[in-house]
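J.: Two chains, each in its own frame: build the complex with the hints.
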Amino acid sequence: MKNFKISHRTTSGYDVLELEGELDAHTASQLEDSLRRLINENKANIIVNCRELDYIASAGLGVFMAYIEDVRGSGGDIKLTNMNEKVYNVFDLLGFPTLYDILEDERDAVEKFSSDA
Amino acid sequence: MKKTATYHITVGASTKNLSVVREFVSEHAKAEGFSDTVVSDVCLAVDEAYTNIIKHAYNFDSTKEVEVDLEFDDEKICVCLTDTGESFDKSNYTVPDIPKQIKNKKRGGMGVFLIQKLMDQVDYRVGNRENEIKMYKNRETAL
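These protein sequence lines map, in sequence, to chains A and B. With the numbering used here applied, the first sequence closes on residue 117, and no number is skipped along the way. With the numbering used here applied, the second sequence closes on residue 260, and no number is skipped along the way.
Bound-form chain B, shown alone (with noise of 0.2 Å):
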């Protein structure tokens, strides 16, 4: 990826943090000249990668941190959110069925879900200390 601009912001694992975070995309990418229904795509799969790892990888810790790099080409956005809790384990996750969860009072499993209907490209990277998750959107795509 060609990098134009980036950008970045260190935040604390808080759900009250998310409209902080969901601020610092769309300002961004406003400015970068994305459409707006391309720049409400890319918040809420921040959202909900955000608040999956607050719940999953940090488990509710707000002590802890999460990196937010911005990266803007002239085709797209890339996000990265990076932490240092527990991994996501792609291969025991499964399409949710929505129509069983509500017959158990179940939720939760949308998030992931979410993003990957939302984004054009997503990438999990687990290393030896934190877990990446770049997700990507072009500039002329809008679901």
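For reference, chain A alone in the conformation it holds in the complex (with noise of 0.2 Å):
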């Protein structure tokens, strides 16, 4: 696709996903490979970081809400960093502040994920 790329990394032990690009009901689908991917794999503790996504639709929010429960119920969480205001305002509309991490940056979901330990 294009318009969006997904890459896989890791930091301090955690699972990166670095989302670059445009998500949309089109490539929401690779972000949802991707996840399901790791939480096969009992990877739990998962840091999205969006510094390079230019661009959310609702579709993209669909997939962190469908795999959420999944990573909480095996001890670990999806925690979102580095979100442009363009990106997190579209967060902010449906009120996932309150409902999911979204931390400034990767070394802030690392702190936050030794702190719900």
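Warning: the hint list may mix true and false statements.
[Said to hold, decoys possible] Listed next, the in silico BS3-like pairs over lysine-lysine satisfying Cα-Cα at most 27 Å (straight line):
| # | chain 1 | residue 1 | chain 2 | residue 2 |
| --- | --- | --- | --- | --- |
| 1 | A | Lys86 | B | Lys222 |
| 2 | B | Lys207 | B | Lys181 |
| 3 | A | Lys86 | A | Lys112 |
| 4 | B | Lys172 | A | Lys5 |
| 5 | A | Lys112 | B | Lys220 |
[What the hints assert, rightly or not] Incomplete in silico selection of chain B near chain A, CB under 10 Å:
| # | residue |
| --- | --- |
| 6 | Tyr124 |
| 7 | Val128 |
| 8 | Cys160 |
| 9 | Lys181 |
| 10 | Asn221 |
Derived from the structure by calculation, the hints contain no laboratory data. Ideal Cβ placement from N, Cα and C applies to all residues, glycine included.
T.: Quick look at the structure:
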């Protein structure tokens, strides 16, 4: 897909998905595949870095809604970081900031995981 | 609405055309002098409306088409999407309960909510053969 890309890496033992481009009803399946793969590997501490994410529609938010319970049920979490204002605004309109940890950067997410434990 | 400019495209009802539709709206709205914030709001609302047509009106039948019309005047932009599929029944719509949906691993229902939040006025019209959603956004208002 030319307008969306996901890369995976680990930092301090946590799995990081880096999102780049535009996340809509067409590209959301890529995020879904990546999250499902991590969950199937019993990875439950996941950071989603949105630094390069330019755009999100509700289909993108729907992916986080569908998998967060599985991850939390395994004692983990999905923490979102580095959102630009435009992307944050969409999460905010739907009330996500009270339901998800949306943090400034990956370091904050790692610290939050440590303090959650 | 006193028209100053109108633009039109017909697109196949496929999610792969979402970026084409957003680009079409964004390009013309920017050229008409709308602010980046207003352009972003309108593009997201159009994306959500077009996605709903693909999913609910046409049930992912990509052989169907959607008409996209833009109208600009001094005060506002109007985006009209027209389809010939199943009509949207507003009376069945309820505002999404996100915490409950998360618990039940359910998604969806957020598009209509976002459209209402992002736009200044939204009108639905069900005709004999077609459905129309008209979304208006004033020039100077932004969330």
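J.: Now look at each hint and say whether the structure bears it out.
T.: Hint by hint, here is what the structure shows:
no.	hint	in the structure
1	A:Lys86 x B:Lys222	holds (26 Å)
2	B:Lys207 x B:Lys181	holds (22 Å)
3	A:Lys86 x A:Lys112	holds (24 Å)
4	B:Lys172 x A:Lys5	holds (24 Å)
5	A:Lys112 x B:Lys220	holds (22 Å)
6	Tyr124	violated (21 Å)
7	Val128	violated (13 Å)
8	Cys160	holds (8 Å)
9	Lys181	violated (16 Å)
10	Asn221	holds (8 Å)
Hint compliance for this structure: hints 6, 7 and 9 are not met, and every other hint is.
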